[in-house]
Structure formats: structure tokens, C-alpha cells
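S.K.: One letter stands for each residue in the lines below.
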Amino acid sequence: MGKTILVVDDSASVRQVVSIALKGAGYDVLVGTDGKDALAKLDGRRVHLIISDVNMPNMDGIQFVTEAKKLAAYKFTPIIMLTTESQEDKKRQAQAAGAKAWVTKPFQPEQMLAAVSKLIAP
Amino acid sequence: MAELLWILLGLAVGGGAGFSLGRRRTAGGPAPGPAAGDPHLHSVSRLTGSLAPVWSAQIVSSRTQMETAVGTLTERFGEIVENLDTVLASSAGALDEGGAGTFDRSRERLGGVVGTLDDALATKRQTVAELRTLLAFNDELAHMSGEVTAIAAQTNLLALNASIEAARIGRAGAAFGVVADEVRQLADRALGTSERMAEKVGRVESTISALLSHAEQTAEHENEAVAGANAEVQAVLDDLQTVVSGFRNSSADLERAAVGIRGDISDSLVNLQFQDRVCQVLEHLQASIDRLPVVVSDAAERARTDAPPIDPDAVLGEMEASYTMAEEVDSHRSKSGATVRESEITFF
Chain A
202 MGKTILVVDD SASVRQVVSI ALKGAGYDVL VGTDGKDALA KLDGRRVHLI ISDVNMPNMD
262 GIQFVTEAKK LAAYKFTPII MLTTESQEDK KRQAQAAGAK AWVTKPFQPE QMLAAVSKLI
322 AP
Chain B
26 MAELLWILLG LAVGGGAGFS LGRRRTAGGP APGPAAGDPH LHSVSRLTGS LAPVWSAQIV
86 SSRTQMETAV GTLTERFGEI VENLDTVLAS SAGALDEGGA GTFDRSRERL GGVVGTLDDA
146 LATKRQTVAE LRTLLAFNDE LAHMSGEVTA IAAQTNLLAL NASIEAARIG RAGAAFGVVA
206 DEVRQLADRA LGTSERMAEK VGRVESTISA LLSHAEQTAE HENEAVAGAN AEVQAVLDDL
266 QTVVSGFRNS SADLERAAVG IRGDISDSLV NLQFQDRVCQ VLEHLQASID RLPVVVSDAA
326 ERARTDAPPI DPDAVLGEME ASYTMAEEVD SHRSKSGATV RESEITFF
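Chains as they are written, first to last, in the working numbering: chain A, 202 to 323; chain B, 26 to 373.
Don't read these hints as lab results, they were simulated from the structure. Even glycine gets a Cβ: it sits at the ideal position worked out from N, Cα and C. The reader is advised that the hints may include incorrect statements.
Stated by the list, open to error - Using 35 Å as the maximum straight-line C-alpha spacing, the simulated DSBU-like pairs for lysine-lysine come out as follows:
{"hint": "1", "chain 1": "B", "residue 1": "K360", "chain 2": "A", "residue 2": "K292"}
{"hint": "2", "chain 1": "A", "residue 1": "K319", "chain 2": "A", "residue 2": "K276"}
{"hint": "3", "chain 1": "A", "residue 1": "K292", "chain 2": "A", "residue 2": "K242"}
{"hint": "4", "chain 1": "B", "residue 1": "K360", "chain 2": "A", "residue 2": "K291"}
{"hint": "5", "chain 1": "A", "residue 1": "K319", "chain 2": "A", "residue 2": "K292"}
{"hint": "6", "chain 1": "A", "residue 1": "K276", "chain 2": "A", "residue 2": "K292"}
To be verified - Per the computed footprint, the stretches of chain B lying under chain A, defined by three or more beta-carbons under 8 Å from a beta-carbon of chain A, are:
{"hint": "7", "segment": "299–312"}
{"hint": "8", "segment": "360–372"}
Stated by the list, open to error - Pair by pair, the computed Cβ-Cβ distance ranges are:
{"hint": "9", "chain 1": "A", "residue 1": "G245", "chain 2": "B", "residue 2": "P333", "range": "50 to 60 Å"}
{"hint": "10", "chain 1": "A", "residue 1": "R246", "chain 2": "B", "residue 2": "S347", "range": "28 to 38 Å"}
{"hint": "11", "chain 1": "B", "residue 1": "L72", "chain 2": "A", "residue 2": "R246", "range": "47 to 57 Å"}
{"hint": "12", "chain 1": "B", "residue 1": "T330", "chain 2": "A", "residue 2": "R246", "range": "53 to 63 Å"}
{"hint": "13", "chain 1": "A", "residue 1": "R246", "chain 2": "B", "residue 2": "L307", "range": "32 to 42 Å"}
{"hint": "14", "chain 1": "A", "residue 1": "N259", "chain 2": "B", "residue 2": "N274", "range": "49 to 59 Å"}
This is chain A alone, in the form it adopts within the complex (with noise of 0.2 Å):
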């Protein structure tokens, strides 16, 4: 059994790509919606590494983040930002919310996978 990642992304075409690259790597992929889906899909389930947009509906990225880490069974879980974004004081936002890394859309799946691989043994 693989190593479970959650993605996170209010769009379906971002959490498909991320998915197909992830499950063809070997890793089981959960997915959420927006910052609140994902709290509520977390519910103490062991993941391994999340994968989470910034700007999202109901609860966006680094409120998600800051979130997460709250919890003791995420607080060392590594977090990747994947966002369209590029300002400098969200990524300050979100590596002071407990962020790991900062990747930017439009992005390759292999790059996403060196990132992922980086942070987690696969």
C-alpha cells in the first residue's frame, strides 16, 4: 500500500492532474474541495504529505494550513502550496503557517513528483 497525499483544490482539472500523477507514482491520493472539506476528509486518517491551493471558497489554503497544523496527527505532516499565485507575502503567509513548499501553476507532473519526493520517501 501506497503513501496517502491529500490534494486539495477547488478546481477539478487541478485535482485530476495532480491525482493521475500522484496514483501513477504509486501513492493512494485523497481529495478536497476547499480548505473545509479537507479538515473534515483529514478526520485522523493517515496522510502522509498534503497538497493544497491557496485561494479557495469557504476556507482558503493558509487558513487551511494554519488549520491542520493544529491538529497533533498533522503537525509534522509536510504541506505543499500549489497556487497560481506569485506574491511574496502569501508565501511568507503560508511558510509561516507551517508550509514546506511553494510550487506554481501551470505546473508538469514531474515536477510536482520531484517536489513530493523531496519531502516524502516514496
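Given chain A's structure and the hints, the job is docking chain B onto it.
M.R.: Just chain B now, with coordinates in the frame of chain A:
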């Protein structure tokens, strides 16, 4: 649409041809224009107030349609990729377990059947060999019977001579003559026994010969049957191997095609990321359009109250500050379409 929007904004802030919204201008500014309540100002304000929701609704409608269509498309593509993965996995399993496994098992089972026939044939050959040995023993018995007959005949002849000699001697040879007669009778009995023995040996020989002939004929038929079975089994195995090879080749072709399709779909999905970016651009554009009536209204209010005119650069700066993507900023500044930037990865 954006061009018209900014023309209207230009009209609203007093930079348009022949229109000025302020009653008083700062020194060096444009000539005083129509006062507050001016029908021109009123019409521009009304127009922007009416146009903005219409444009906004059109953008929302387009965005929603695009999101729905691209979302459905990516979902279907995702399902196709998953189905292809399932097909590829089961195809690989079938090749590993089904093709080679079935062929090998069939060969072993058919080989077992042919082996059983071979064993039966070997047993039959051994029986034939033993019958031949038995026939050889019977020949020896016939020869020995002949020797007994010869001995009995000679003994009979000897006893006859002894009787003649005993009779020639007279009374003195009477007892010897009795012995000679007894010997002759024994010789006769021995001769009779050997003749019966020869007859039995002859009948045994006939029986064994008949059995041997039958066994040899059967063995020959079985030999031909086993050879035929071997040839049939080999032909079946050859056919099966052809089928399995064909299956393997077509499976490999299908697998290559499926892998190619999967790759093409994955690449297409990568390109569909445009939807996320375009939606954000439209979202920001919609926010700007929604802001326009507020700006125009503010400009009108400033005109009415003789306040300084609004600062277009400040409005544009506020708009620029709302962008989240680098190419939005590039497009805003260059007033032309910007190239999408390559992905960047930053590790904290």
C-alpha cells in the same frame, strides 16, 4: 469590453472628450465642465451602474460554463485513465497467469496422458518378450521330450535284446528274462509318457504362439496409436502456443496503445490547468467591473461636492494590487497579453 470600461472610467473622471464631472477644477486642470446633476454625468453614471452588472453576469455565466465543462471533461479523462490503468493491470495479470500458465499446464497434463499410454505400451512389450521367453522354454521341453522318447526306444530295444539273450540261455536266464521284460514295459511306459508330453508341449506351443501373435499385433497397433496420440498432442500444443503467442502479441499491442493513450490524456489534463488561471483572471476582471459604478459614483459625488477628482492611477494601482498571478500584472502593465510563466518551486 475592458477598453469600453476604461473609456467610461475616463469619462467619469473627467478625462474624456468634452466631458468633465467637476464643477470646479484645480489650477492647470481641464476647463470647467457641466455641474452636478448634469444630464451627461447622470447618463454616464446610470450607464456604468447598469452595464457593470450585465458584464459581471456575462463573466459569471462564462466562468460557470467553462468550469462546468472543463470539470466534466477532466473528470471523464480521469475515469478513462483509471479504466486504462485497470485494463493494463488485468492485461498484465492475464499474460503472467493466463497465457503462459495455461499453456504450461496443458502441456503437462497432455504429457501425462501420453506418458500413461507409453507406460501401457512398455508393459505390453514386456509381456511379448516374456511370451517369447516362454516359447523358448517350451522348445527346450519339446527337445527334452524327444530325447526321452529316444532313450525309451533305445531302452526298449536293449530290453528286447536282453529277453532274446535270456531265452537263448534257457532256464538259467529265466529270471533275467523277467527283468528284461519289466525293463521293456518301463521303456514302453516312458515312451508313452514322452509322447503325451510331446503332444502337450505342442499344444502349449500353439497356445503361446497364438498369444504371442495376438500380443505382437496389439502392441503394434498400440504403438501406432501412441505415436498418433503424440503427434496429435504436439499439434494441439503447437496450435495452443500459436494462440497464446497471438494473444501475447495483441495484448502487448493493446498495452502499448493503452499506455500511449494514458500518456496523451495525462498531457491533455496538464494543459487543462488553463481553466484555473483563466477563472481567476475572470474573477478579478469581474471584481474590477463591479468596482466601476462605485468609482464613477465616487467621481460624481466628488464633482457634486467640489472635491478633488478621483486619481485614475490610484484606481489602476488598486486594481493591480488585487492580482494574484504574475502574468496578470504583466498584462496590466504592458496592456497586452502576457506569456504564462514557467512553474517555480520554492522550498522553505
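S.K.: If a hint holds in the structure, say so; if it doesn't, say that too.
M.R.: Against the structure, the hints:
In summary, the hint linking B:K360 to A:K292 is supported, as the alpha carbons are separated by about 27 Å, within the 35 Å threshold. Taken as a hint, the A:K319 and A:K276 pair is honoured in the structure, with Cα atoms around 18 Å apart against an allowance of 35 Å. With a C-alpha separation of about 25 Å, the suggested pair A:K292 and A:K242 falls inside the 35 Å cut-off, and the hint holds. At most 35 Å may separate the alpha-carbon atoms for a hinted pair to count; B:K360 and A:K291 meet this at roughly 25 Å.
Of the supplied pair hints, the one linking A:K319 and A:K292 holds, its CA atoms being roughly 19 Å apart against a limit of 35 Å. Between the alpha carbons of A:K276 and A:K292 the distance comes to roughly 19 Å, so the proposed pair stays at or under 35 Å and holds. Check result for the segment 299–312 of chain B against chain A: holds, 6 residues qualifying (beta carbon to beta carbon below 8 Å, three or more required). A count of 7 residues in the segment 360–372 of chain B with a Cβ less than 8 Å from any Cβ of chain A is obtained; the coverage claim is therefore met, three being the minimum.
A:G245 and B:P333 have their C-beta atoms about 59 Å apart, which keeps the hinted 50 to 60 Å range intact. Hint check: A:R246 to B:S347, Cβ distance near 36 Å, so the stated range 28 to 38 Å holds. Roughly 55 Å separates the CB atoms of B:L72 and A:R246, a value that falls within the hinted 47 to 57 Å. A C-beta distance of roughly 60 Å is found between B:T330 and A:R246, which places it inside the suggested range of 53 to 63 Å.
Between A:R246 and B:L307 the CB atoms are about 35 Å apart, so this pair conforms to the stated range of 32 to 42 Å. Hint check: A:N259 to B:N274, Cβ distance near 53 Å, so the stated range 49 to 59 Å holds.
Comparing the model with each numbered hint stated earlier shows that all of them hold.
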